[in-house]
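Student: Chain by chain, the residues:
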Amino acid sequence: MITNTVRGLRVRRLADKSKGTRIKLTDPHSGETHLMNPANSKVESWPDMGWIIESDAHKFTNIPVRTVREWVKKGFAVLKGERLIHAPGGSVEDPWKATHTFVNADAIVLKCVDGEVTYKVIHQPGKYDLNIDLTGTPKGNVRSGRFDVSEKHQTLDAIQKGAKSRVDWFFGCELESDTRPQMKV
Amino acid sequence: MSDFVFNIAKGHVNEYASRVNANDPVNSVLNLSVLATAGIESDAVLIDKDALSDVVSGTTNFVTNTGYARIEVDNTGSITVTVDDTNDRKEADMPDQTWSAVLAGDGWNDLVIGYDSDSTGGTDANIVPCTQHDFVVTPDGSDITVQFNAAGFFRAA
Numbered sequence: 009m010i011t012n013t014v015r016g017l018r019v020r021r022l023a024d025k026s027k028g029t030r031i032k033l034t035d036p037h038s039g040e041t042h043l044m045n046p047a048n049s050k051v052e053s054w055p056d057m058g059w060i061i062e063s064d065a066h067k068f069t070n071i072p073v074r075t076v077r078e079w080v081k082k083g084f085a086v087l088k089g090e091r092l093i094h095a096p097g098g099s100v101e102d103p104w105k106a107t108h109t110f111v112n113a114d115a116i117v118l119k120c121v122d123g124e125v126t127y128k129v130i131h132q133p134g135k136y137d138l139n140i141d142l143t144g145t146p147k148g149n150v151r152s153g154r155f156d157v158s159e160k161h162q163t164l165d166a167i168q169k170g171a172k173s174r175v176d177w178f179f180g181c182e183l184e185s186d187t188r189p190q191m192k193v
Numbered sequence: 008m009s010d011f012v013f014n015i016a017k018g019h020v021n022e023y024a025s026r027v028n029a030n031d032p033v034n035s036v037l038n039l040s041v042l043a044t045a046g047i048e049s050d051a052v053l054i055d056k057d058a059l060s061d062v063v064s065g066t067t068n069f070v071t072n073t074g075y076a077r078i079e080v081d082n083t084g085s086i087t088v089t090v091d092d093t094n095d096r097k098e099a100d101m102p103d104q105t106w107s108a109v110l111a112g113d114g115w116n117d118l119v120i121g122y123d124s125d126s127t128g129g130t131d132a133n134i135v136p137c138t139q140h141d142f143v144v145t146p147d148g149s150d151i152t153v154q155f156n157a158a159g160f161f162r163a164a
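Just so you know, the sequences run in chain order A and B.
Reading the first sequence from the start, the letters are residues 9 to 193 in our numbering.
Reading the second sequence from the start, the letters are residues 8 to 164 in our numbering.
Incorrect hints may appear among the rest.
What the hints assert, rightly or not - Mimicking DSS-like on lysine-lysine, the simulated pairs with C-alpha atoms at most 30 Å apart in a straight line are:
| id | chain 1 | residue 1 | chain 2 | residue 2 |
| --- | --- | --- | --- | --- |
| 1 | A | 82 | B | 17 |
| 2 | A | 25 | A | 82 |
| 3 | B | 17 | A | 32 |
| 4 | A | 160 | B | 17 |
| 5 | A | 119 | A | 67 |
| 6 | A | 82 | A | 105 |
Calculated from the structure, these hints are not laboratory results.
With these hints in hand, go ahead and build the complete structure from the sequences.
Tutor: Take a look at the structure:
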């Protein structure tokens, strides 16, 4: 069911388990687990069969930047119109002591095994003026909500004047197209 | 990834993340708070705590720096759940989080992610501490960003 509520996605990376076997190994120090292929004694995942979106492809969703980067690395997502922007992350006295770097994009295309889902990016990762809340209504420090298209990246001038800011490390997305069977949008 | 999962939350963290994502119950959130370096107790002591209020019932305290406030991540907060059949595991992720212009004061030691079933009511006694992450920072007025592991803030395998 597609709703107008902003929701996070639940995705699944499918595996081909028709051949071979894997043994789970646990690192005694970190507790991390890995799969080992006994046929070659190497740490090896099951063969990748692609990705699906298990939840609905919600009309509105927010996706963490880091998650998208992982998806791109693993072949599940493609960023259209990718570009970098920077914002000062230092103190009022020394704004560029630290620098935020944000990946912005026009759209995120999710390459599912049963079709492509395209999300238009309607809110970019960045540093925003806290006076303009995502919902248009101040909600303190809750990181949530839909987006006001009028919101602006915080300016250096505002930072130097000590204005409060909010840093968003996610893409705000609106479903643009869905080519999966029975999901045509 | 978490440095440890509180004993009370073992076996529950992915479910809590999914519940927040589904807004079921309504107003459920993941709650991010930071523990101060001064007075911090050992992981062996803290891992037994059953509520967020218990975490600071001993000598451990939350930080109080100007510019710091707890962060609540609700169903619109980009929590992403991945079922990874290729590695036989399930991961929960959320965006990195930034506190802007945190002034000097308390040294930061750990980040605690808790589950609050109703952010509109109750107290810290109603928040289940889920994961604790090493997060050593000396605030100096700059922004402070918690960057989660590429796999997310929690993984069950």
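Student: Residue 119 of chain A and residue 67 of chain A were given as a pair; does the straight-line alpha-carbon distance stay at or below 30 Å?
Tutor: Holds: residue 119 of chain A and residue 67 of chain A sit about 17 Å apart, inside 30 Å.
Student: Check the hint pairing residue 25 of chain A with residue 82 of chain A against an upper bound of 30 Å on the C-alpha distance.
Tutor: holds, 19 Å
Student: Keeping to a limit of 30 Å between CA atoms, is the pair of residue 160 of chain A and residue 17 of chain B held or broken?
Tutor: Given pair residue 160 of chain A, residue 17 of chain B is violated - Cα atoms ~41 Å apart, limit 30 Å.
Student: Would you check the hint for residue 17 of chain B and residue 32 of chain A, treating anything up to 30 Å between C-alpha atoms as holding?
Tutor: holds, 20 Å
Student: For the pair supplied as a hint, residue 82 of chain A and residue 17 of chain B, is the alpha-carbon distance within the 30 Å limit?
Tutor: Cα-Cα ~29 Å, so holds.
Student: Next pair to validate is residue 82 of chain A with residue 105 of chain A; report whether the Cα-Cα distance is within 30 Å.
Tutor: Since the Cα atoms of residue 82 of chain A and residue 105 of chain A sit roughly 33 Å apart, the hinted pair is violated (cutoff 30 Å).
Hint check: violations occur at hints 4, 6; the rest are consistent with the structure.
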